[in-house]
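Trainee: Make the full structure from the sequences, and use the hints.
Sequence lines, in order, name chains X and E. For the first sequence, position 189 (counting from the first letter as 1) is numbered 189 according to this note's numbering, and the numbering increases by one without interruption. For the second sequence, position 243 (counting from the first letter as 1) is numbered 243 according to this note's numbering, and the numbering increases by one without interruption.
One or more hints might be untrue.
Simulated pairs of lysine-lysine, DSSO-like, Cα-Cα distance not exceeding 27 angstroms [claimed, not checked]:
#, chain 1, residue 1, chain 2, residue 2
1, E, 122, X, 240
2, E, 125, X, 240
3, X, 221, X, 240
4, E, 33, X, 221
5, E, 295, E, 269
6, X, 221, E, 122
7, E, 269, X, 221
8, E, 33, E, 8
9, X, 221, E, 295
Hint data in this document are derived by calculation from the structure and do not stem from the laboratory. This one's a predicted model, so the numbers in the text were calculated from it and none came from an experiment.
Given next are the chains, with one letter for each unit.
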Amino acid sequence: MAEFIIKRVLQAMVVLLIMTVLVFFGVNVIGNPVYIFASSECDQACLTKTIAELGLDRPLWEQYFVFLSNLLQGDLGNSFTHGIPALSLIFERLPATLELAICALAMALGFGLPLGIWAGLHPDTIISRCIMAFSMIAFSLPVFWIGLIMILTFSVQLGWMPAVGRGDTVDVFGTELSALTLDGLHHLVMPAFTLSLIMMAIVIRLTRAGMREVIFADYIKFARANGIRERRILTTHVMKNLLIPIVTVLGMEFGGVIAFAVVVESIFSWPGVGKMLIDAIGVLDRPLIVAYLIFVVFMFVVLNLLVDILYSLLDPRVRLGGNQT
Amino acid sequence: MTSVLNVKDLHTSFVMPDLTIAALQGVSLSVDKGEILGLVGESGSGKTLTGFSINRLLSAPGRVVQGEVLLHGQDVLSLGEEDMRHLRGRRIAMIFQDPMMTLNPVLRIETQMRDALRAHEKMSKAMARTRAIAALDEVGIPAPESRLRSYPHELSGGMRQRVAIAIALLHQPDVIIADEPTTALDVTIQGQILSLVQNLCRDRGTALIWITHDLAVVAGIADRLAVMYAGRVVEIGPVDDLLDAPAHPYTRGLIDSVPARGQRGQRLKQIPGRMPALTELPVGCSFAPRCEHAKAACAALPDMTALDAERSVRCFYPLAEGSA
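Mentor: Dropping the structure here:
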């Protein structure tokens, strides 16, 4: 296990290094941020001065090594527009995104598992077909379109749901949370549901497919032949086998949900990191964009590691490190 | 002697919207306390289906459409679902063919045994543990305490089958239905498992239905034999009588298909043709098309006819002793 983790951490460092190169050079070839945020009165001398201040006059490879050495000290640079460290900006915005993503995950599992189980148990019923059709639609329709239609329906036409913002928040250990106030919850439901749809579709399909396989397994028949209660068979004997693929896929998917909450956050004006990224791209705030992308890569690497560890806990046949017994 | 389990005229069908396939067409058999009944037949003859019909674990669209299953005189088929659940594992237990598949791969042996215990008795974890250790010890598993922590994949095939047997025996059932429990095992392990089950059942007076296609296996273990063909029992009787002097041509054919010592170099006898599909069974005796003794009368379905007090056969022209 320890050997496995060390190996993975080393791999992760290589991945991160490659990503810094791609991201840094990629972002630095587009546009000139100075033109965007320098005031209109700024003359050539002022522009040159600003460029020198930001270190943009130096060769790109030199800029990269400055960036890299700062990165090793945990410094991802200051945001051009806000003037404060990019990392602290990200962490300031991250709780809102995490809240949204975790609610979406909870919804995906909370609705997806029961629906998938039901569809797996009664595969030929009309309701089951409806569930599968729903999952297909949820998976295929573009997220922004669903978001807009939801706003149009529930906010504009029916007036039931607020269209934008987080609503009232409560301060818990220095982080603002919406989910703890009624108003906040009210604001959270639509964006979280929109964000959860793709995950929910995946959960439904995986659960149904897993059910169809597991309930016909000999060990389930054997459990029945031993008189074990159906409820216990379903919640333990079937479920534990079912969860293996779901955890794997959702773990991967969850990183994507956080990273690409961009669309949902933009539509619902949810003040998370995704919204921040869009704003940063709008003004070519290079350090912030780079910092965000590096953060996302880092998060994916960590999530993958967690999934592997969780996987080995769920499936006793998997032993990390490859020394099979 | 009153039999522990008495199956009378059991009919099981696969009932689909546009088609009904009669898979079991009147299976009757009984097994006494401490007795081992071998249930023999080719693949598709309905032996496994008989087992699942008895403890009502048929998966849809399979359904028992007629007949009685009496456990100590009580009709199992009329029980409610919860009563039936309470019967499974406690009074009728099962052992399956492939020990690789019968234990849940992601649950520890302890969890699986505890669940089986708690299905019928309220008990503490510690109590369940003690019972599980005792049960594992009884089936000859070394160091049962540490085996409880194992997952199935950490045990060998023979060990797994022992665990499955231990689970089946947990509640001292009246009947065990063993569905080819040695087929997937090595020959040496087969022998161990055979004598293990035989001894355990003898000691406790458990009735055992041993389903197999292997006459050699069943000859060594069973007291009585029931031969199935195309969804019906065609011959039933004490194992020695039946093997020495089979009355049904199909039983004769089965016995002749087993390679024996002293016949080296001779051509092995085969039963010509194959068992008809359930959808195209002949009207009369279903074995008639393959039978060298078939006559015009065989176009009608023969009943089970008693040959003596213990034997009966479903044939118009039972073979006389010594003939072939």
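Trainee: Each hint needs a verdict: does it hold in this structure or not?
Mentor: Here's how the hints hold up against the structure:
1. E:122 / X:240: At roughly 24 angstroms apart (the allowed maximum being 27 angstroms), residue 240 (chain X) and residue 122 (chain E) satisfy the hint.
2. E:125 / X:240: holds (20 angstroms)
3. X:221 / X:240: Holds - the C-alpha atoms of residue 240 (chain X) and residue 221 (chain X) are around 16 angstroms apart, at most 27 angstroms.
4. E:33 / X:221: holds (26 angstroms)
5. E:295 / E:269: The given pair, whose Cα atoms are some 22 angstroms apart, holds under the 27 angstroms limit.
6. X:221 / E:122: Within the cut-off at roughly 22 angstroms; holds.
7. E:269 / X:221: Given pair residue 269 (chain E), residue 221 (chain X) is violated - Cα atoms ~37 angstroms apart, limit 27 angstroms.
8. E:33 / E:8: holds (18 angstroms)
9. X:221 / E:295: It is violated: about 43 angstroms lies between the C-alpha atoms, which goes past 27 angstroms.
Taken one by one, the earlier hints fail for this structure at numbers 7, 9, listed in ascending order.
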